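Spelled out, the chains give:
2 protein chains.
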Amino acid sequence: MSDSFLQALEALSIKPTAHVNHAATASPQEWRDALAQDASTPAGFEPIKVLVFKPKTAKTATPVPVVVIARDQTETSSSALGKKLNLKELRLASEDLLSEFFALDKNSLSPLAINQSIFPKIVTVLDSSIESSNAPFAVHALSSSATVFLTGKEIASYITSLENEETKVQVIDFESLKSDGGVAAGVTAKPTVKEKDDAKIEGAVQIAIGVRKDGDFSAWYQNVLLKADMLEYYNVSGCYILKPWSYSIWEEIQEWFNKRIKALGVQNSYFPMFVSSKVLEREKDHIEGFSPEVAWVTRAGNSELEEPIAIRPTSETVMYPYYAKWIKSHRDLPLKLNQWNSVVRWEFKHPQPFLRTREFLWQEGHTAFLTKAESDKEVMDILDLYRRVYEELLAVPVIPGVKSEKEKFAGGLYTTTVEGFVPTTGRGIQGGTSHSLGQNFSRPEMFNIVVEDPNDPTGQGKTYVWQNSWGLSTRTIGVMTMIHGDDQGLVLPPRVASIQVVVVPCGITAKTSDADRAKINGACEELAQTLIKADIRAKADLRDGYTPGYKFNDWEQKGVPLRLEIGPNDLAKQQTVAVRRHSGAKTPVPLADIGSTVSGLLETVQKDMYTKAKKEYDSRLIEVTRWEDVVPTLNNKCVAVIPWCEVEACEDDIKERSAQVSGPTDERAPSAGAKSLCIPFDQARWTPIVPGQTKCPACGQDAKRWTMFGRSY
Amino acid sequence: MSDSFLQALEALSIKPTAHVNHAATASPQEWRDALAQDASTPAGFEPIKVLVFKPKTAKTATPVPVVVIARDQTETSSSALGKKLNLKELRLASEDLLSEFFALDKNSLSPLAINQSIFPKIVTVLDSSIESSNAPFAVHALSSSATVFLTGKEIASYITSLENEETKVQVIDFESLKSDGGVAAGVTAKPTVKEKDDAKIEGAVQIAIGVRKDGDFSAWYQNVLLKADMLEYYNVSGCYILKPWSYSIWEEIQEWFNKRIKALGVQNSYFPMFVSSKVLEREKDHIEGFSPEVAWVTRAGNSELEEPIAIRPTSETVMYPYYAKWIKSHRDLPLKLNQWNSVVRWEFKHPQPFLRTREFLWQEGHTAFLTKAESDKEVMDILDLYRRVYEELLAVPVIPGVKSEKEKFAGGLYTTTVEGFVPTTGRGIQGGTSHSLGQNFSRPEMFNIVVEDPNDPTGQGKTYVWQNSWGLSTRTIGVMTMIHGDDQGLVLPPRVASIQVVVVPCGITAKTSDADRAKINGACEELAQTLIKADIRAKADLRDGYTPGYKFNDWEQKGVPLRLEIGPNDLAKQQTVAVRRHSGAKTPVPLADIGSTVSGLLETVQKDMYTKAKKEYDSRLIEVTRWEDVVPTLNNKCVAVIPWCEVEACEDDIKERSAQVSGPTDERAPSAGAKSLCIPFDQARWTPIVPGQTKCPACGQDAKRWTMFGRSY
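Residue numbers (our numbering), protein chains in the order written: chain B, 1 to 713; chain F, 1 to 713.
What the hints contain is simulated information worked out from the structure, not anything from laboratory work. Computed from a prediction, not measured in an experiment: that's the story for all the values here. Where hints are given, some of them may not hold.
In this list, chains with the same sequence are indistinguishable; a pair is considered to hold if it fits within one copy or across any two.
[As the list claims (entries may be wrong)] Pairs of lysine to any residue, SDA-like flavour, derived with a Cα cap of 20 Å:
#1 K259 - S248
#2 K325 - G44
#3 K15 - D332
#4 K262 - E251
#5 K328 - P244
#6 K227 - D332
#7 K519 - I261
#8 K328 - G44
#9 K539 - K586
#10 K612 - E525
#11 K377 - D332
#12 K284 - E407
#13 K213 - E648
#14 K106 - Q683
#15 K377 - P136
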């Protein structure tokens, strides 16, 4: 029976583009993820949701369920739909009703479950935006663990093939239904409007972001990354392909950061990715933080290894046995090594591109000093470079501070951090950390990294070296995307954009002569070349067969900071129209001296993006001194900055109480408790704490420092 | 009993610096390798060899064995030793004699096996260069699987503690013994000369390369890498730590190559290190080449994975499912991606730093084209970049050519290569390969990467894309080391040296006034700064407490291309003395306009190094047309360039016959058979092949092209 729909499709000459088997899925997100991992899944697919409503009827009457087939992102208001269909109090149907009608659970529901025997017994509603689309949609193959891909047209064609004299498909435009408040707007009895076979428009539909940032943030984030060509899902869960559009951002960060750490005397090197279990487990506190996530190699070819070998989750225990070997005298200090590599943390939590991935790219610096003073200074020097990567390259404001004891790096002395914030979700995000390890790893029972102390007057004194480690990862790219992206897609800050300026020819119509066309295209290419000579990363988009509108949309999605348009009128005036991606602002700019004008414009854009994001972040930092204000502040998508006692038990308590109180009032708002994000170094921006007088709002003990508490990634 | 020596050492207040257990070893090389893998092994250690000789005696007499304790690299000529000791026909003792005297096999022999009961029954000879050394030596802890480290002085102290009135240790200077031809030179009855406690001289001894390049090449290579601070052995076998001195060379190569591939339209990206087994095994021919070496992750934390996941040995099968997804139209072509990463090939053959390692760094480019012509062109463009990396950056001559069918990349269409050559061993080495994959990976039964053919007149034609892949690894660094290094250590070509010029203050004695000392040091620092301003990577070595000689040696070992010396006389003449590392040539150079002089000198050095290496390579390429000349050519450490039939069976035959014939005439010369290294593109340099007339010297069939056959890495 399960394949009967295939015969029905075949009868209509419909052949699904792919048929994918996957793990059973229990939510739209799981389904997306499972599909994303299969290479045969078409790019830019959208899942189809099938909702079954039961109208209020007399208890004795047989209910006629309303079955809605819609895009996953279409808002299908049951009240508006009820008004439209003139049915009272539509409620989501129970599982019992589903099994009765479809013999399926809700995770397996599919338009294909509607067949000739079921169709007459239900009201079938089809989302009008599906009806005429050539884009690929995922529908369950009557199972939560199997999926086929059909175009919107094919789905419509299948459903309408079930129509008879009595029963027709209801095609509804949910978008206009929403704006109408559910009044009138006419139910189309069956699909009639045929989409024009226009690849450009179809293309435009296919590449639209499709979800609002402040609607379903998680789907928005995923769509932006896919449609801006930043990454591709990979068939090993939790791993992603970094495409050139995102990898080039990482290259910009690498180049900038390398130059500056080399000036601090840091040298690059490469240590193996493998760690023996014996060495890995040397530092107990440290490894406790990582061991549940360590990936183990146990076999090579067909041979079992004598003992399993770990893939580094970080390299402290890889490197420090050799530091002990190399550092024999204070003359060997400081030792400052860095490496750019990938590390593996096999997390079982839900993965998220760039933010939580099983393999990720980063740099890890590991340094050793004779004195604490030197190591303390370096911790801050590096942290300031991290701040500058965010603020100067990515236009992302961050707050430098120190982590609480609970949140610090396992096995270290103290951890400094640059803390970012995603206003749309109201969650803090750790941007990069610079750790003082103190002498915890150099102690004799650990790696025993010891030298004679040249400052000891007896000449007999030994000192264990002071160590730091610090890391910045490709998470930077995720944070940047979340902060600047909008409903049109990605927005790139000019300094990290691999294309800073795109030049698009405009005003070319069917009537334009070949000579004029060539002239405009020529002017665009010339402009791009002029900009390239002025060290601006520019490109002319002279693709044939695409409208300017398509190109605008394409480059907007990809986040190119500046678009320059040239049409016949511009050419006559020797000007170009500059459109800024982040604000949409349009300005005509003379072609004379265009290199320096555009350089200036890009700097302005960079600055404006930062200023805007900074203003937003600042507005979300709320000074809170009464406990009862904490949870409302969090629920208001803000950070609660409280005068905190810095007691670990109090932090646990805050987390628990803020989680309980917030409750499931809004299913989209994470009801997680707040944790301390950081204790900002800049305490002066808050009302002064009066020792012995200012109290911690959570526990009533004496407050020490203003501390940021918030929900977080 | 096995720990009795520890008590004896303790009685002398000698505490071994480390006590290492390892796998049983059956040769000095295995022993070195086993030790190198243990983190507690001290840097720069040398193994001690113990040789037992039996002099010719009357059959009835009890033999008095001669036991020689020497550095592994000391030449201990038995005939010279016999003359010296006035003993006839010293022969290496049988295993039986060893067990009789020491109750040990020869792999466990150790100075520590000589105890008070054995000492009187033997003649004990101590290598004089051990006697006064503070350097660490490895001695077997009476077992081939355990080692302790003692300084030379400690070994001497232990041995002399066994002396009595009757029997003394014979301390012999084998170096002078050799030059004396074994005549006179005086046997020292017991250690008398005490080394001065001079850290500088001791240091100098400790850091000397210690082995001649044309002596024990393998030990020389290992010593050069360790002592030039290029790498460190790691405690996972087959993995090595790339220290900044070598990693910086890789960074130079990356920067140079990145710039040029980007100009060809190649973009960098990053694909995950993990491959699912299903995907890995898609291409049978291809994976057959790799599967015995694939490392498998089977566990994460404490959870067994549902199915094992491979670590990429190369990324064809990682990437191409996504190429199939991304390439939907000829407009998506060409697709040109590259990544810099590490790959894992868990080889069970003897590992060798940079040349054969279980994890290595490389770049892998993967490109797809509409036409064969485009892909063919790129294969050659990339190969030419590889040639230039070797020739222009590393000053290493290579020969571009195509691989035989037998030697080509598994699963590809044809493989081009730049072939290097190590004259000291007479072995060829593959430098980098640029493969045409043809349509083998794009075929429908493989990854099915297909587009509509825009050139097909019917508009119906489909075409499978033409693909290339190409890779260059850190092997480059190993080849460079082997080609240019000498008995003083590493020799770096200026373009890849992280320090190109070192400035060393000279002529400072105890009598030099503080003012003069400061003046000379100041002049050195100023000179370094002047050079840095002229974009030369320069450094002044102003370390206190080290003699100029120590510094010369130190920087020579590390291969810095140019040394500038400034002493009081130089200062008076406003000059500096320039010493070239590769030739030792010394020239005074005026300080005026020093930046451009030194730039010019560095370019000269770069050119001279290449020219010298090229001349050497050329002299080893021998045109061979008779089979009987092939093996002698190989044994003469040359490449036999033969007019070859290009038949695979003939290649197998050549390998077999050249291996058999060469035989074990010289235990150091690898008696491996010859394989085809490449068919050079430049055929014009050889005598023209006359079709149908010139015959393959191996099989007598018609020759096609001149082909390089040689032993190889």
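Of the hints stated earlier, which fail here?
3, 7, 10, 13, 14, 15
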